[in-house]
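**Q** Sequence:
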Amino acid sequence: MPDCHVIGVLDNGAAGMTRMALQLIRQADLLIGSPRTLGLFANEIRPDARREDLTGRFNKIPHWVASALKQGRQAVVLATGDPLCHGIGRYLMEKLGTEQCAVIPNTSLLQLAFARLGLAWQEAQICSIHGRDAGEWNPDAGPDHGLYPLLRKIRRQQLLAIFTSRENSPGRIARMLDAASLADRYEMAVAERLLQPGERVFGFMSVAEAKQRQFADPNMVILRPVSPRPAEVLFGLEDDAYRRRKPNHGLITKREVRAVSLAHLQLRPDSIVWDIGAGSGAVGMEAARLCPDGFVFAMEKNTDDAAIIRRNQQRFALTNYRLTQARAPRGLEQWPDPDAVFIGGSGGELAQLIDIALARLRQGGRLVMNFITLENMHGAIDRLKKHHADWALCQLQVSHNKPILDMQRLQAETPVWIISAQRGNQ
Numbered sequence: 100m101p102d103c104h105v106i107g108v109l110d111n112g113a114a115g116m117t118r119m120a121l122q123l124i125r126q127a128d129l130l131i132g133s134p135r136t137l138g139l140f141a142n143e144i145r146p147d148a149r150r151e152d153l154t155g156r157f158n159k160i161p162h163w164v165a166s167a168l169k170q171g172r173q174a175v176v177l178a179t180g181d182p183l184c185h186g187i188g189r190y191l192m193e194k195l196g197t198e199q200c201a202v203i204p205n206t207s208l209l210q211l212a213f214a215r216l217g218l219a220w221q222e223a224q225i226c227s228i229h230g231r232d233a234g235e236w237n238p239d240a241g242p243d244h245g246l247y248p249l250l251r252k253i254r255r256q257q258l259l260a261i262f263t264s265r266e267n268s269p270g271r272i273a274r275m276l277d278a279a280s281l282a283d284r285y286e287m288a289v290a291e292r293l294l295q296p297g298e299r300v301f302g303f304m305s306v307a308e309a310k311q312r313q314f315a316d317p318n319m320v321i322l323r324p325v326s327p328r329p330a331e332v333l334f335g336l337e338d339d340a341y342r343r344r345k346p347n348h349g350l351i352t353k354r355e356v357r358a359v360s361l362a363h364l365q366l367r368p369d370s371i372v373w374d375i376g377a378g379s380g381a382v383g384m385e386a387a388r389l390c391p392d393g394f395v396f397a398m399e400k401n402t403d404d405a406a407i408i409r410r411n412q413q414r415f416a417l418t419n420y421r422l423t424q425a426r427a428p429r430g431l432e433q434w435p436d437p438d439a440v441f442i443g444g445s446g447g448e449l450a451q452l453i454d455i456a457l458a459r460l461r462q463g464g465r466l467v468m469n470f471i472t473l474e475n476m477h478g479a480i481d482r483l484k485k486h487h488a489d490w491a492l493c494q495l496q497v498s499h500n501k502p503i504l505d506m507q508r509l510q511a512e513t514p515v516w517i518i519s520a521q522r523g524n525q
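Each residue of the sequence shown is one higher than the one before, counting from 100 in my numbering.
Any given hint could turn out to be false.
Ranges between beta-carbon positions, derived for each pair [unchecked claim]: (1) Arg255 to Glu355: 27 to 35 Å; (2) Gln210 to Ala362: 27 to 35 Å; (3) Pro248 to Ala307: 19 to 27 Å; (4) Asp481 to Glu266: 52 to 60 Å; (5) Thr154 to Glu193: 52 to 60 Å; (6) Met119 to Gly302: 21 to 29 Å; (7) Gln313 to Glu355: 48 to 56 Å; (8) Ser227 to Asp338: 39 to 47 Å; (9) Gly196 to Gly230: 23 to 31 Å; (10) Pro296 to Arg344: 58 to 66 Å.
Read the hints as simulated data drawn from the structure, not as lab findings.
From a predicted model like this one, the values you see are computed outputs, not experimental measurements.
Every residue, glycine too, gets a C-beta built ideally from N, C-alpha and C.
The whole structure should be built from the sequences, with the hints applied where relevant.
**A** What follows is the structure, encoded as structure tokens:
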């Protein structure tokens, strides 16, 4: 048996421990834990045992343990609940290995929270924001924000258990849902101070109610949709699903062109996408739906169109999409390197945009451009040739049926040229 044990503890101390776990704590020469967890076992720890506070010193734990084991001493690390469920267990097992270290789990706080609510949890997904202060979420935040992993999971899961912190609290989660236009779609339950004096469990409440309440720390949030969420249509939405400027002045990539352009982008679930000249936002927003683990950075120079894009983003509650109102290429240097770039409008800067896209695309990345004029199409081809880029061109001609008396005819839409290029080994 290894001489180091990572033991899960709860706030009821020795009363919540197995006989074997208590015996290991009593025999240990070195005990590592937070002041709170060490205090729970003050009457069980040997007076001559060495104690170490792990607060802010996680990286020292493997050294403390290794030194103790070399001296033939037994070490115990006290962790909360199940150490391998968003706890310190994973880190220590990676550093020490199963030959030196064993984990003895306790009931996790997740299990307790679901038990208090009388909910089955086998289908729940887990997310932890029990880290540094992430700050408040805002619609202009990006994938580097500390709350973004939580938002990404919320969009994809029907039942979510969230490990919180004092700063990243239930109230902050509620405000985030409100800022992301998701407040009316979800409800929250909160379990606070489990197994401690003053334990309270709040059943499911609206996000608006959660914003107004104060919750004691530590706590855990259970989040679920107000009603079962149907699977979303990922792309190919009707043009009328998007708001645009009226009458007929709003720029939008029509559905058939949108579908073919997205196919040429060859998106993956985690793709980083640029949408330049976003118009009404249709291409970028469907890319965001196709890339739930990725992110779309969109740019539109026209003030009225940018306002329409923001309304469309709110309508679809997209959290992996961010709009910058600017004239490209200004601001592109602040974006991460993309896996795919779509240029729907260039504002007279086509050559420079192609240069930047080919320079910034990741290996194997795709550039897709739409044109309705011969001049812009030829300009793009000439620029791609100067870069010796691998490119291809197709023309898309779409006709839709229209009534004529009691019969139907086909009415042609404006032809669109779709040019695609791939970043090679330049």
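**Q** All the hints need checking, so say for each whether the structure fits it.
**A** How the hints compare with the structure:
Between Arg255 and Glu355, the C-beta spacing of about 28 Å keeps the proposed range 27 to 35 Å intact. At roughly 45 Å, the beta carbons of Gln210 and Ala362 sit outside the given window of 27 to 35 Å. At about 24 Å, the beta-carbon gap between Pro248 and Ala307 stays in the expected band of 19 to 27 Å. Between Asp481 and Glu266 the beta carbons are some 54 Å apart, a value that agrees with the proposed interval 52 to 60 Å.
A hinted range of 52 to 60 Å is violated for the C-beta pair Thr154 and Glu193, which are about 21 Å apart. The supplied range of 21 to 29 Å is broken by Met119 and Gly302, whose beta-carbon atoms lie about 36 Å from each other. Between Gln313 and Glu355 the Cβ separation comes to about 53 Å, which falls inside the hinted range of 48 to 56 Å. Look at Ser227 against Asp338: about 41 Å separates their beta carbons, and that is inside 39 to 47 Å.
Separation of Gly196 from Gly230 is about 25 Å and conforms to the stated range, judged on CB atoms against 23 to 31 Å. Between Pro296 and Arg344 the beta carbons are some 60 Å apart, a value that agrees with the proposed interval 58 to 66 Å.
Of the hints listed earlier, those the structure fails to meet are numbers 2, 5, 6, in rising order.
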